[in-house]
Amino acid sequence: MPLPPSPLVNIDNIESLGLTLPEFERIQHLLGRNPNWTELGIFSVMWSEHCSYKSSKVHLKNLPTEGPRVVQGPGENAGVVDIGDGKVAVFKIESHNHPSFVEPFQGAATGVGGILRDIFTMGARPIALLNSLRFGDPEEPRTRYLLRGVVNGISSYGNCVGVPNVGGEINFDFCYDNNNLVNVFCLGVADKDRIFLGNASGVGNSVLYVGSKTGRDGIHGASLLASSEFDETTEAKRPTVQVGDPFTEKLLIEACLEAMEHDWIVGIQDMGAAGLTSSSFEMADRSGTGVELDLSKVPMRETGMTPFEILLSESQERMLFVIEKGHEEEAKKIFEKWDLDAVVIGQVTDTGVMRMTMEGEEVVNLPIHAVVESAPQLVRPTKKPNYIEAVDTLNLNIIPDLERGEGILKLLLKSLNIADKSWAYKQYDHMVGINTLVMPGSDAAVIRVKETNKALAISVDCNSRYCHLNPFRGAQIAVAECFRNIACSGGVPIGLTNCLNFGNPEKPEIMWQFEQAVLGIGNVCNYFSVPVVSGNVSLYNETKGKSIYPTPVVAAVGLLEDQTKHCTQWFKNPGDHIALLGLTLEEIGGTDYLENYLDLCQGSVPALDIKYERMLHQLCVELIQNDLIQSAHDCSEGGLAVAIAESCFSGPNQTLGATIELKSSIRNDALMFGESQSRIVISYSPDKKEVIEERVNNAGIDFSSLGIVGGNDLTVQLNDKEFIKEKISTLEEAWREPLKRYGG
Amino acid sequence: MLAKIHVTLKDGVLDTQGKAVHHALNDLGYEEVQGVNLGKYVEVQLDGLSQAEAEDRVREMCQKLLANPVIESYRFTLDSQE
Amino acid sequence: MLAKIHVTLKDGVLDTQGKAVHHALNDLGYEEVQGVNLGKYVEVQLDGLSQAEAEDRVREMCQKLLANPVIESYRFTLDSQE
Amino acid sequence: MKCGIVVFPGSNCDRDSFHILKEILGLETEWIWHKENSLKKFDLIVLPGGFSYGDYLRPGAIAKFSPIMKSIMEYAENGGKLLGICNGFQILLECGLLPGVLMRNISHAFICDTVPVRLENDQTPFTSNSSKGSVLKLPIAHADGRYFADENTLKELEDNDQVVLRYCDSSGMVASENNPNGSLTNIAGIVNKSKTICGMMPHPERQADPAWPNVDGQVIFRSLIQSS
Ligand SMILES: Nc1ncnc2c1ncn2[C@@H]1O[C@H](COP(=O)(O)OP(=O)(O)O)[C@@H](O)[C@H]1O
Ligand SMILES: [Mg+2]
Chain A
1 MPLPPSPLVN
11 IDNIESLGLT
21 LPEFERIQHL
31 LGRNPNWTEL
41 GIFSVMWSEH
51 CSYKSSKVHL
61 KNLPTEGPRV
71 VQGPGENAGV
81 VDIGDGKVAV
91 FKIESHNHPS
101 FVEPFQGAAT
111 GVGGILRDIF
121 TMGARPIALL
131 NSLRFGDPEE
141 PRTRYLLRGV
151 VNGISSYGNC
161 VGVPNVGGEI
171 NFDFCYDNNN
181 LVNVFCLGVA
191 DKDRIFLGNA
201 SGVGNSVLYV
211 GSKTGRDGIH
221 GASLLASSEF
231 DETTEAKRPT
241 VQVGDPFTEK
251 LLIEACLEAM
261 EHDWIVGIQD
271 MGAAGLTSSS
281 FEMADRSGTG
291 VELDLSKVPM
301 RETGMTPFEI
311 LLSESQERML
321 FVIEKGHEEE
331 AKKIFEKWDL
341 DAVVIGQVTD
351 TGVMRMTMEG
361 EEVVNLPIHA
371 VVESAPQLVR
381 PTKKPNYIEA
391 VDTLNLNIIP
401 DLERGEGILK
411 LLLKSLNIAD
421 KSWAYKQYDH
431 MVGINTLVMP
441 GSDAAVIRVK
451 ETNKALAISV
461 DCNSRYCHLN
471 PFRGAQIAVA
481 ECFRNIACSG
491 GVPIGLTNCL
501 NFGNPEKPEI
511 MWQFEQAVLG
521 IGNVCNYFSV
531 PVVSGNVSLY
541 NETKGKSIYP
551 TPVVAAVGLL
561 EDQTKHCTQW
571 FKNPGDHIAL
581 LGLTLEEIGG
591 TDYLENYLDL
601 CQGSVPALDI
611 KYERMLHQLC
621 VELIQNDLIQ
631 SAHDCSEGGL
641 AVAIAESCFS
651 GPNQTLGATI
661 ELKSSIRNDA
671 LMFGESQSRI
681 VISYSPDKKE
691 VIEERVNNAG
701 IDFSSLGIVG
711 GNDLTVQLND
721 KEFIKEKIST
731 LEEAWREPLK
741 RYGG
Chain B
1 MLAKIHVTLK
11 DGVLDTQGKA
21 VHHALNDLGY
31 EEVQGVNLGK
41 YVEVQLDGLS
51 QAEAEDRVRE
61 MCQKLLANPV
71 IESYRFTLDS
81 QE
Chain C
1 MLAKIHVTLK
11 DGVLDTQGKA
21 VHHALNDLGY
31 EEVQGVNLGK
41 YVEVQLDGLS
51 QAEAEDRVRE
61 MCQKLLANPV
71 IESYRFTLDS
81 QE
Chain D
1 MKCGIVVFPG
11 SNCDRDSFHI
21 LKEILGLETE
31 WIWHKENSLK
41 KFDLIVLPGG
51 FSYGDYLRPG
61 AIAKFSPIMK
71 SIMEYAENGG
81 KLLGICNGFQ
91 ILLECGLLPG
101 VLMRNISHAF
111 ICDTVPVRLE
121 NDQTPFTSNS
131 SKGSVLKLPI
141 AHADGRYFAD
151 ENTLKELEDN
161 DQVVLRYCDS
171 SGMVASENNP
181 NGSLTNIAGI
191 VNKSKTICGM
201 MPHPERQADP
211 AWPNVDGQVI
221 FRSLIQSS
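Protein chains in written order, with the numbering used here: chain A, 1 to 744; chain B, 1 to 82; chain C, 1 to 82; chain D, 1 to 228.
Here chain A stands alone, though its shape is the one from the complex (with noise of 0.2 Å):
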């Protein structure tokens, strides 16, 4: 059959697949020729924001990467730490925003697949998968489809795989009523001396095409197909939105780990965005080689399908292998006896061009360097937003301070950012595995390393509303609390990744923003010696000029060497201690409580002190591993008050009341609702009394008495006054019933 025409490269068609004309004449000289149109389709994945990081790289070159526990730092499919044991952790996050914004569904769930195909194929088996999303107004009733198609979608394809979802955040903002977000992390473990990467080296190796057959589906951008070389009728007929087929998946996985028990494996990635345009590329190119393939082999779902479109399909789970020649059988049966198809598509060359034919003919003929890194770099200008001087001041003296504080506790436990979550994550199978040692509900889950006494913590977290006041000092927090949360469950954090969704970078006040971001990042994890090992950019997520806050996600992986030291948020016995770790002080800029009282979104972004934060977390740790402490939360969005509240009624097993007693010079509503960060709410037998304040003033943290576990209401006394007094079911009524209510 001979191949359609394919359309002429002329300035025209080279914007409908959104490459500029200097970056089209840099390839005309890259080349010493025009590419045809197949060629001019690889450049303009290759050359994307998405593949190329072109906006991004520069600031990037900011983050700590390195530490003596790096295995594998940015630039593979994940990130890899070792844990000791001969075991490592390998972990990613990545987004799915705009393919969740048009298919809810389908987008959330191939969110999920990708991100377990880029944990496997480094070797490791997936074990906990977090996600962190975003909507807009909840008053639209889009948003309630939105979060419904995303959780579900999740849902749908963890569930199936079977790795369990332990964790996230749901965050709901005007900001984001165009552009949701969706971010998914996966954490797998490998043994450390069978951790598998892209490579596609040794001349006469074969290239084994593993997986789904190849689709229309995805085919990059609905943009490049709407060029007026297609009729109307084409683009209908295409569907832009990927389906993801989990059961396929889970095949993919256990075939792959099963294949990698053997030593002809050479390299492996999976085709992910721009399908096996980057894996054939990025791997030859890792390896300095060249590759060539046969399209016409390439397994298709459809009839008719051009090189052009076979390149840049992004149907879902599949994979592309090089192993060492001789071995294609034997690998073959692998994937036979999990009725998968695996196909030899080509060979590795010496030349490091890559070179395509389909039935016969060559279609595909470039220096693969020159495609890979041949990608400008911009060096995109940089702006301080007027609207920052606006926000940053917030004059205290016209807020009058609180009387009693039960009405705004209840309208923050009720707000939906602050609400129980567990009506998304009871639809997500967060037990399978049986590793899940700490559950969704508490500041971090913790996973048990089979095999091994340790276990490991996570948790994701951004306050965007922060970052937005002050991208600097909020991406600090983030990191601060992600820490916090792994440090308030026992663990030390040993990495980081993650996935900074930004607005449109050619405006240089959100190109300032991701500077800032990604500086205060850096500042942190340098100081805690974390590296940040993998992590994901997604831009232009805004509408009709209209930016999403900035929001740089952090996902941490903490390491406990004892997985028997782990500690959870809740109160455990009546009659225990309760305490603070840390001080507050008079902040309420940029609280929920101004948010959602006020309405405000100003003032200044509350303080952080990283050394003192780093000896709160040091502390929390210790009085874990020594068995000191029942509970441990840390003590964020809403303040104080919340925190309390939460410890309470937070617990699968009981609901428990507490009764405060406080003195302090500050203001009321700073003091309960106010978001002074380091700050950690524990509980202790009493008998623990004397060594916990010991070690806590050895270690240079401030203590506060709060008061005691039990009873049936919450009761608050502030300098001798009645502030709170509450039934606790009432309050844990307000707390659990808004997204349940809203999701339905």
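These are computed hints drawn from the structure, not numbers from a lab. A hint or two may mislead.
To be verified - Calculated from the model, a selection of chain C residues having no Cβ within reach of chain B, i.e. all distances over 10 Å: (1) Asp11; (2) Thr16; (3) Leu28; (4) Gln34; (5) Gly35; (6) Lys40; (7) Val42; (8) Asp47; (9) Gln51; (10) Glu55; (11) Lys64; (12) Leu66; (13) Asn68; (14) Pro69; (15) Ile71; (16) Ser80.
To be verified - Pairs of lysine-lysine, BS3-like flavour, derived with a Cα cap of 30 Å: (17) Lys155(D) to Lys195(D); (18) Lys40(C) to Lys10(B); (19) Lys40(C) to Lys64(B); (20) Lys4(B) to Lys40(C); (21) Lys195(D) to Lys337(A); (22) Lys337(A) to Lys22(D); (23) Lys137(D) to Lys565(A); (24) Lys4(B) to Lys64(C); (25) Lys192(A) to Lys87(A); (26) Lys41(D) to Lys337(A); (27) Lys64(B) to Lys64(C); (28) Lys35(D) to Lys333(A); (29) Lys10(B) to Lys64(C); (30) Lys10(C) to Lys64(B).
Said to hold, decoys possible - If the Cβ cut is set under 10 Å, some of the chain D residues that face chain B in the computed set are: (31) Leu25; (32) Tyr53; (33) Tyr56; (34) Ala61; (35) Ile62; (36) Phe65; (37) Ser71; (38) Gly96; (39) Pro99.
Just so you know, these numbers come straight off a predicted model, no measurement behind them. Idealized CB from N, CA, C, for every residue including glycine.
Go by the hints and put chains B, C and D with the ligands onto chain A.
Relative to the frame of chain A, chains B, C and D with the ligands by itself:
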């Protein structure tokens, strides 16, 4: 009036269920099976509408709720006897 | 040949999904909706069979795999043009 | 006692059951691949949880035709002990080894939770290590767990004492408020007439490792050991 609605995946959209059923039927010895598509069949009982009104309303229901326009198409017939 | 198969819940089996769709449609303002039933629609492409053979084979497929006899019934038509 | 765990494509609790039987309880345990045509001698076969064949079409519908199922049916008909957990329960119903069906949860959503269930019959090899009326806290994780059967079947189940587990509250009260998925009469698990085949939606293997304080799930496995 009874609306009989068929909702099916658009061409080119991966039909994971259809694929699985196709394999299963082949494995069971039905080698004559060349392809399987799985869709939804919805019957909606309607009251007090004219044929023309019903047509508009059912089309709307399909677009808004019964089908996912991004990946599915729908068609329906109206049966007035019932 | 194309077999068009409808699989629906037997009378007396509570169709909770149909009920949910019914509620959702009423909530959306479609008060004319009196009832909703949800079923499956399966298209099976067959090769090289006579009409009579096809009939037997498709019936078998339904009984064995496509419908669960405890709660579902099925009916089908055969379309030879396609 | 020799145990076998069947691996269907899409099984995902197979490794968990293996871990409990072999590593925690120290039983001789082997994998059974779904493409095998014959069975060795086993004292217990487990059909594990998961999404066999993606649960496409209906949970369990395609797994029923896996090559191994012929031998499993024979094994079961000869009185071999067979335990179906979650997806395994769905498969047992699809192939008619147990009566009834499991339909979509009343909420239409997947539910993952830990819930109390009451032991209804302690005269079976799956429950003999506990006593009637005792309450176990066990995890559930399913989208299709609403047990349904016609009236006659239901009556037969009752008359023969075939219901082994019912969803209840922490004190053992069985009421519709404690029914997580809408199952008829709160049924969470049943056995066949001769009490050699058991299917249940709760996952005993998820609550049987002493890394967690609650090991209620061990009741099921210890009963099987006791009766072997
Ligand atoms: N989308 C989600 N998926 C799974 N678990 C979630 C999700 N959103 C929140 N959770 C869980 O709910 C609990 C409370 O969340 P959150 O208040 O954001 O915690 P924190 O403020 O400590 O980071 C955590 O255990 C978290 O993992
Ligand atoms: Mg927290």
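Right, here's what the structure says about each hint:
The Cβ of Asp11(C) sits about 13 Å from the closest Cβ of chain B, beyond the 10 Å cut-off, so the non-interface label holds. Consistency note on Thr16(C): stated as away from chain B, and its beta-carbon is indeed over 10 Å from all of that chain's, at 14 Å minimum. At roughly 6 Å, the least C-beta separation between Leu28(C) and chain B is not larger than 10 Å, which violates its mark as non-interface. Not every beta carbon of chain B lies more than 10 Å from that of Gln34(C), the smallest distance being close to 4 Å; the non-interface claim is violated.
Remark: the non-interface label on Gly35(C) conflicts with the geometry, its nearest Cβ contact in chain B lying 4 Å away (cut-off 10 Å). With a closest Cβ-Cβ approach of about 6 Å to chain B, Lys40(C) is found to fall inside the 10 Å limit, against its non-interface label. At roughly 6 Å, the least C-beta separation between Val42(C) and chain B is not larger than 10 Å, which violates its mark as non-interface. A beta-carbon of chain B is positioned within 10 Å of the beta-carbon of Asp47(C); the least distance is around 5 Å.
Distance to chain B confirms Gln51(C) as a non-interface residue, since its nearest Cβ pair spans about 13 Å, more than 10 Å. Once the 10 Å rule is applied to beta carbons, Glu55(C) is consistent with being away from chain B; the minimum gap is 13 Å. Listed as outside the interface, Lys64(C) is inconsistent with that label: its C-beta sits roughly 7 Å from the nearest C-beta of chain B, within the 10 Å cut-off. Leu66(C), annotated as away from the interface, has a beta carbon of chain B within 10 Å; the closest lies near 7 Å.
Distance check on Asn68(C): its Cβ is at least 14 Å (rounded) from any Cβ of chain B, clearing the 10 Å threshold; non-interface status holds. Separation of Pro69(C) from chain B is adequate, the least Cβ-Cβ distance of about 16 Å exceeding the 10 Å criterion. Distance check on Ile71(C): its Cβ is at least 15 Å (rounded) from any Cβ of chain B, clearing the 10 Å threshold; non-interface status holds. Look at Ser80(C): its CB is around 14 Å from the nearest CB on chain B, clear of 10 Å, so calling it non-interface holds up.
Taking the CA atoms of Lys155(D) and Lys195(D), the gap is near 16 Å; set against the 30 Å cutoff, the hint holds. Between Lys40(C) and Lys10(B) the alpha-carbon distance is near 16 Å, which keeps this suggested pair within the 30 Å criterion. Restraint check: the Cα-Cα separation between Lys40(C) and Lys64(B) comes to about 20 Å, which is no more than 30 Å; the hinted pair holds. A hinted pair counts as satisfied when its Cα atoms are at most 30 Å apart, and Lys4(B) with Lys40(C) qualifies at roughly 12 Å.
Restraint check for Lys195(D) and Lys337(A): not satisfied, since their Cα atoms lie roughly 35 Å apart, outside the 30 Å limit. Using a Cα cut-off of 30 Å, the hinted pair Lys337(A) and Lys22(D) holds, with the two alpha carbons roughly 25 Å apart. Simply put, Lys137(D) and Lys565(A) have alpha-carbon atoms about 24 Å apart, close enough for the 30 Å limit, and the pair holds. The suggested pairing of Lys4(B) with Lys64(C) holds, with an alpha-carbon distance near 26 Å, which does not exceed 30 Å.
Under the criterion of a C-alpha separation no larger than 30 Å, the hint pairing Lys192(A) with Lys87(A) is consistent with the structure, at around 5 Å. A hinted pair counts as satisfied when its Cα atoms are at most 30 Å apart, and Lys41(D) with Lys337(A) qualifies at roughly 24 Å. The hinted pair formed by Lys64(B) and Lys64(C) fails the criterion: a straight-line CA distance of about 35 Å is larger than 30 Å. Between Lys35(D) and Lys333(A) the CA atoms are separated by roughly 14 Å; this keeps the pair inside 30 Å, and the hint holds.
Distance check on the hinted pair: Lys10(B) and Lys64(C) sit about 28 Å apart at the alpha-carbon level, within 30 Å; holds. Distance check on the hinted pair: Lys10(C) and Lys64(B) sit about 28 Å apart at the alpha-carbon level, within 30 Å; holds. Look at Leu25(D): its Cβ only gets to about 35 Å from chain B, farther than 10 Å, so that hint breaks. The interface hint given for Tyr53(D) holds, since its Cβ lies 6 Å from the closest Cβ of chain B, which is under the 10 Å cut-off.
Nearest Cβ of chain B to the Cβ of Tyr56(D): about 4 Å, under the 10 Å cut. The hint holds. Interface hint at Ala61(D): satisfied, since its Cβ lies 8 Å from the closest Cβ of chain B, which is below the 10 Å cut-off. Annotation: interface hint on Ile62(D) holds; nearest CB of chain B at approximately 5 Å, less than 10 Å. At its closest, the beta carbon of Phe65(D) sits 6 Å from a beta carbon of chain B; the interface hint therefore holds under the 10 Å criterion.
Because the smallest distance between the Cβ of Ser71(D) and any Cβ of chain B comes to about 17 Å, over 10 Å, the interface hint for this residue is violated. At a threshold of 10 Å, the smallest CB-CB gap from Gly96(D) to chain B is about 16 Å, leaving the interface hint violated. Interface hint at Pro99(D): violated, since its Cβ lies 23 Å from the closest Cβ of chain B, which is beyond the 10 Å cut-off.
Going through the hint list in order, the structure does not satisfy hints 3, 4, 5, 6, 7, 8, 11, 12, 21, 27, 31, 37, 38, 39.
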